[in-house]
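**Student:** Sequence:
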Amino acid sequence: MQGRRSSTFTRLLRHGFTDPAAAERLLDADELSAVRADPVLLEALGATSDPDQALLGLVRLVEALEAPERQTLLDTVTTAKPLRDRLLGVLGASEALGDHLARHPADWHALVTYEAADLHPGVADFERGLAAATGPDALRAAYRKCLLGIAARDVCGTSDLVRTAAELADLATATLRSALAIAAAEAPQDAAAARLAVIGMGKCGGHELNYVSDVDVIFVAEPAEGVEEAEAMRAATRVAARMMRVCSDTTVEGTIWPVDANLRPEGKNGPLVRTLSSHLAYYARWAKTWEFQALLKARPVAGDQALGAEYIAAIRPLVWQAAEREHFVTDVQQMRRRVVDNIPAAQVERELKLGPGGLRDVEFAVQLLQLVHGRTDTSLRSGTTLTALADLAAGGYVGRADAASLDAAYRFLRLMEHRIQLHKMRRTHLVPDDEAGLRRLGRGLGFRSEPVASLTREWKRQAMEVRRLHEKLFYRPLLESVAQLGDDTRLSTGAARQRLQALGYADPAAAMRHLEALASGVSRKAAIQRTLLPVLLGWFADSADPDAGLLGFRKVSDALGNTPWYLRLLRDEGAAAQRLARVLSSGRLAPDLLMRAPEAVAVLGSIDGGLVPRDHAVLEQEVLEMVGRAGGAEQAIAAVRGVRRRELFRTAAADLIDTYGDDVHTAGDRVPPADLVDRVGCAVFGVTSATVAGALRAAVKAVTGNDTRPLPTRLAVIGMGRFGGRELAYGSDADVLFVHEPHEGVDQEEAGRAALAVADELRRLLQIPTADPPLLVDADLRPEGKSGPLVRSLASYAAYYRRWSLVWESQALLRATPVAGDQDLGARFVELIDPLRYPADGLEDEAVREIRRLKARMESERMPRGADRTTHAKLGRGGLSDVEWTVQLLQLQHAGRLPELRTTGTRHALAAAAEAGLIETADAAVLDEAWVLATRVRNAVMLVRGRPGDTFPGDGRELAAVARYLGFAPGHVGDMLEDYRRRTRRARAVVDRLFYEG
Numbered sequence: 000m001q002g003r004r005s006s007t008f009t010r011l012l013r014h015g016f017t018d019p020a021a022a023e024r025l026l027d028a029d030e031l032s033a034v035r036a037d038p039v040l041l042e043a044l045g046a047t048s049d050p051d052q053a054l055l056g057l058v059r060l061v062e063a064l065e066a067p068e069r070q071t072l073l074d075t076v077t078t079a080k081p082l083r084d085r086l087l088g089v090l091g092a093s094e095a096l097g098d099h100l101a102r103h104p105a106d107w108h109a110l111v112t113y114e115a116a117d118l119h120p121g122v123a124d125f126e127r128g129l130a131a132a133t134g135p136d137a138l139r140a141a142y143r144k145c146l147l148g149i150a151a152r153d154v155c156g157t158s159d160l161v162r163t164a165a166e167l168a169d170l171a172t173a174t175l176r177s178a179l180a181i182a183a184a185e186a187p188q189d190a191a192a193a194r195l196a197v198i199g200m201g202k203c204g205g206h207e208l209n210y211v212s213d214v215d216v217i218f219v220a221e222p223a224e225g226v227e228e229a230e231a232m233r234a235a236t237r238v239a240a241r242m243m244r245v246c247s248d249t250t251v252e253g254t255i256w257p258v259d260a261n262l263r264p265e266g267k268n269g270p271l272v273r274t275l276s277s278h279l280a281y282y283a284r285w286a287k288t289w290e291f292q293a294l295l296k297a298r299p300v301a302g303d304q305a306l307g308a309e310y311i312a313a314i315r316p317l318v319w320q321a322a323e324r325e326h327f328v329t330d331v332q333q334m335r336r337r338v339v340d341n342i343p344a345a346q347v348e349r350e351l352k353l354g355p356g357g358l359r360d361v362e363f364a365v366q367l368l369q370l371v372h373g374r375t376d377t378s379l380r381s382g383t384t385l386t387a388l389a390d391l392a393a394g395g396y397v398g399r400a401d402a403a404s405l406d407a408a409y410r411f412l413r414l415m416e417h418r419i420q421l422h423k424m425r426r427t428h429l430v431p432d433d434e435a436g437l438r439r440l441g442r443g444l445g446f447r448s449e450p451v452a453s454l455t456r457e458w459k460r461q462a463m464e465v466r467r468l469h470e471k472l473f474y475r476p477l478l479e480s481v482a483q484l485g486d487d488t489r490l491s492t493g494a495a496r497q498r499l500q501a502l503g504y505a506d507p508a509a510a511m512r513h514l515e516a517l518a519s520g521v522s523r524k525a526a527i528q529r530t531l532l533p534v535l536l537g538w539f540a541d542s543a544d545p546d547a548g549l550l551g552f553r554k555v556s557d558a559l560g561n562t563p564w565y566l567r568l569l570r571d572e573g574a575a576a577q578r579l580a581r582v583l584s585s586g587r588l589a590p591d592l593l594m595r596a597p598e599a600v601a602v603l604g605s606i607d608g609g610l611v612p613r614d615h616a617v618l619e620q621e622v623l624e625m626v627g628r629a630g631g632a633e634q635a636i637a638a639v640r641g642v643r644r645r646e647l648f649r650t651a652a653a654d655l656i657d658t659y660g661d662d663v664h665t666a667g668d669r670v671p672p673a674d675l676v677d678r679v680g681c682a683v684f685g686v687t688s689a690t691v692a693g694a695l696r697a698a699v700k701a702v703t704g705n706d707t708r709p710l711p712t713r714l715a716v717i718g719m720g721r722f723g724g725r726e727l728a729y730g731s732d733a734d735v736l737f738v739h740e741p742h743e744g745v746d747q748e749e750a751g752r753a754a755l756a757v758a759d760e761l762r763r764l765l766q767i768p769t770a771d772p773p774l775l776v777d778a779d780l781r782p783e784g785k786s787g788p789l790v791r792s793l794a795s796y797a798a799y800y801r802r803w804s805l806v807w808e809s810q811a812l813l814r815a816t817p818v819a820g821d822q823d824l825g826a827r828f829v830e831l832i833d834p835l836r837y838p839a840d841g842l843e844d845e846a847v848r849e850i851r852r853l854k855a856r857m858e859s860e861r862m863p864r865g866a867d868r869t870t871h872a873k874l875g876r877g878g879l880s881d882v883e884w885t886v887q888l889l890q891l892q893h894a895g896r897l898p899e900l901r902t903t904g905t906r907h908a909l910a911a912a913a914e915a916g917l918i919e920t921a922d923a924a925v926l927d928e929a930w931v932l933a934t935r936v937r938n939a940v941m942l943v944r945g946r947p948g949d950t951f952p953g954d955g956r957e958l959a960a961v962a963r964y965l966g967f968a969p970g971h972v973g974d975m976l977e978d979y980r981r982r983t984r985r986a987r988a989v990v991d992r993l994f995y996e997g
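Quick note on numbering that gives the first Met the number 0: the sequence shown kicks off at 0 and runs consecutively.
Treat the hints as calculated values from the structure; they're not laboratory data. Just so you know, not all the hints are guaranteed correct.
[Said to hold, decoys possible] Taking lysine to any residue pairs in the SDA-like style, the calculated list, with each CA pair at most 20 Å apart, reads:
hint	residue 1	residue 2
1	Lys287	Val972
2	Lys459	Lys554
3	Lys459	Gly520
4	Lys854	Arg984
5	Lys554	Gly537
6	Lys459	Ser404
7	Lys267	Pro316
8	Lys352	Lys267
9	Lys352	Val161
Go ahead and model the full structure; you've got the sequences and the hints to work with.
**Tutor:** Shown next as structure tokens:
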């Protein structure tokens, strides 16, 4: 006995059972005594997705049958291979259908028939199968009985994916008709009051349904003769709602599937049922692009067929005109930005539908191409994804090889989805994360040797193929249409321009010229470009200005295309191409900087620090060495400006890449906005101080005849304003003071003239017109302002501050910090001004009132005429000035006794004030948020427009680019402005309380 059991145990293991001991006990059950030794049965169980589950289901079914019927089943199982394969295949694949057979054991007969007609049932066949169901429970049982045949054909391979999905859609159609009949029978007066048509949408409408999926519908009705429209619509609504519940409610027989009518006009907020004219009025005036995309799959499925046909005839022209709508491009950009934020992070990699390389990628790509080209080519109007993909390939709109690869990947992913849902008949798109689930899924897909590893490997391969082909599908035919290489794609010039325009290119004719220049010919360079451009074009299209991105890429390629490293860098370094696309399509500043020195593109390929800002001391040393080697002052300043250009590009590129958070080496993590602001401010400070140091050295050399005579005085440059606070934006001026101290024994006037000559020369050198962004050196914060001398000696500063200093000068000195020149002199200048900016006894009341008066006057006098006070980043409500003056007042009042307030940075001082209890933590957070936001707006304007500004751009495309930089999706410019106003309004309330009332 033990030997027999051991032998059986081994055979069970060999046939794929994971719990052979339990399987032995089941086989020893009295009900299976007649077949337990039958080798055919064991072989058949071993061929299923889950032999253990199949055996348990068989035992439960046999136990549920009466003795004569039981023997009939077992005899048929052992002698009829078709039934054996179908029954055990279903039991091994679906625990839920096993439960159904245990409740309705007589339904096993549905698996016996194997006629030719049974291989391809249609709606009429399913309607006959459901005809006897007169109530919801009976309909559920009949539905599952019909489902048994579909599942059997599926798991046995006699029906492929497309056929299975079509059968599921046909069964859904028959079920909706039966549910509508039940609802009408329950309320015959309501049913008679209106003609009601049910329009199938989504996968039901597209004839490609899943095993368990929401069945999307739209209801359209017309009053019956003699019935008022309002009453007819109420009656039709009651019938439609009851029909939905018949399918959706959970009873003792479970549920069928949810019926979802949310694709109707106005979604959940709109009436469930409308007349045809009401539908058309909505679509003509209010509908968005995604609604027309959804209507692409619409077809009548139940109810009044004539009305359904009338509805389809009326909406079809609207669908194919969608690509001509005003906001089509913006809507497409929104749809193209995959919404995975609501998917828990732990599930993203398991998502078959919405995850990267998932089913949604394929479906969206196909539907978008249909909307673009289907308006002129009626052969592209199928609602079925794979049929439409084949039609696109046949028409030359996508490459045949690409279409074939995408078809195979989509079939595999959908088959995975079907097997996952079939197991428990639950709506899910998640790949199992347990060993048993993955093993059952792998075996069900034909991976019998190492099913888990083989399944995972193939799934990842197919998902990667979808991701690879997703962009290629849009752009490869464009390239082939201009490259004229004789490939299988025949996209006409008109169709190519249509596609580019739909994807966001405002000037498709120019885009085609750029593509032709880049990709035409048989050279190695052109071949590499044809490899790169499909992906690059997609990245450009996802930006606010695709045209600028493509134009910039052509310019860089023209400048560097013949260098041996440029195209190799883009092809082989995963990050470089994506980073370049982001930089070129996000505004004018970074591309303009790059065009002046295209070789700087090399920093984009480095993953070990290429985009990290250079250390200030290292930069200054590099600059001083270059000035020392230069033959003259203007040659020196050209070299200095070259370093500044390079470092500004590095900073801007890093800012853009980290702002968008989609870099391949950052794992999609966005850098917090406050951190970006601090990093940009420090980086631009380092670049600017090194530039000033280099210009100062060049000026000294010019004044001293290339150091042939000594400069008679020490000279230091003091950074003021944002420069001194290390808070520079891209377009900020360099506010400075010049201080000198004559060498011992040198005449004061001689020293002063020399210092003035150096300061003048420094300013002249930095103002020499070039294509580089200007650096204006502004010394207006000096004593007596523009009326005072440009340069003063340390003793002169001391005398002035001792006798004449005003409170606004003390406030300005809060940000003073040495940035270039004699370090000891700079340090002694700081010692001189510390008592002024950090008064030991704080401020007298009159001084506080004076600061408030100055601020109020500035608000009324300095705001540009016509500027919107609610959106001016510097002087507007809750903007930079509001926050900075509030913080500086706290510093003037309390830094004398609180050393932690003695900092030149606004955010550091604000944090210190909150830490010291001078301001509530919540108020400090509001002010900090507003200051960071206003700073980001100024940075965004400079990045986008290439010139500084304190207000949002008036140009729509530039405004959209600013919105993208600030983290808003396409089409949400209004949300950006409202968000800015809301945050700065809160900040102004804090300023009013602390600055004016405190």
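**Student:** Could you run down the list of hints and mark each one as holding or not?
**Tutor:** Here is what the structure says about each hint:
1. The straight-line distance between the Cα atoms of lysine 287 and valine 972 is roughly 17 Å, inside the 20 Å bound, and the hint therefore holds.
2. Between lysine 459 and lysine 554 the CA atoms are separated by roughly 37 Å; this puts the pair beyond 20 Å, and the hint is violated.
3. Taken as a hint, the lysine 459 and glycine 520 pair is broken in the structure, with Cα atoms around 35 Å apart against an allowance of 20 Å.
4. Distance restraint check for lysine 854 and arginine 984: the Cα-Cα separation of roughly 18 Å lies within the 20 Å cut-off, and the hinted pair is therefore satisfied.
5. Pair hint lysine 554 plus glycine 537 holds up; C-alpha atoms about 18 Å apart against a cutoff of 20 Å.
6. The straight-line distance between the Cα atoms of lysine 459 and serine 404 is roughly 14 Å, inside the 20 Å bound, and the hint therefore holds.
7. For a cut-off of 20 Å, the pair hint linking lysine 267 to proline 316 is broken: about 25 Å separates their Cα positions.
8. Under the criterion of a C-alpha separation no larger than 20 Å, the hint pairing lysine 352 with lysine 267 is inconsistent with the structure, at around 23 Å.
9. Straight-line distance between C-alpha atoms of lysine 352 and valine 161 comes to about 17 Å, which keeps the hinted pair within the 20 Å bound.
When each numbered hint is compared with the structure, violations occur for hints 2, 3, 7 and 8.
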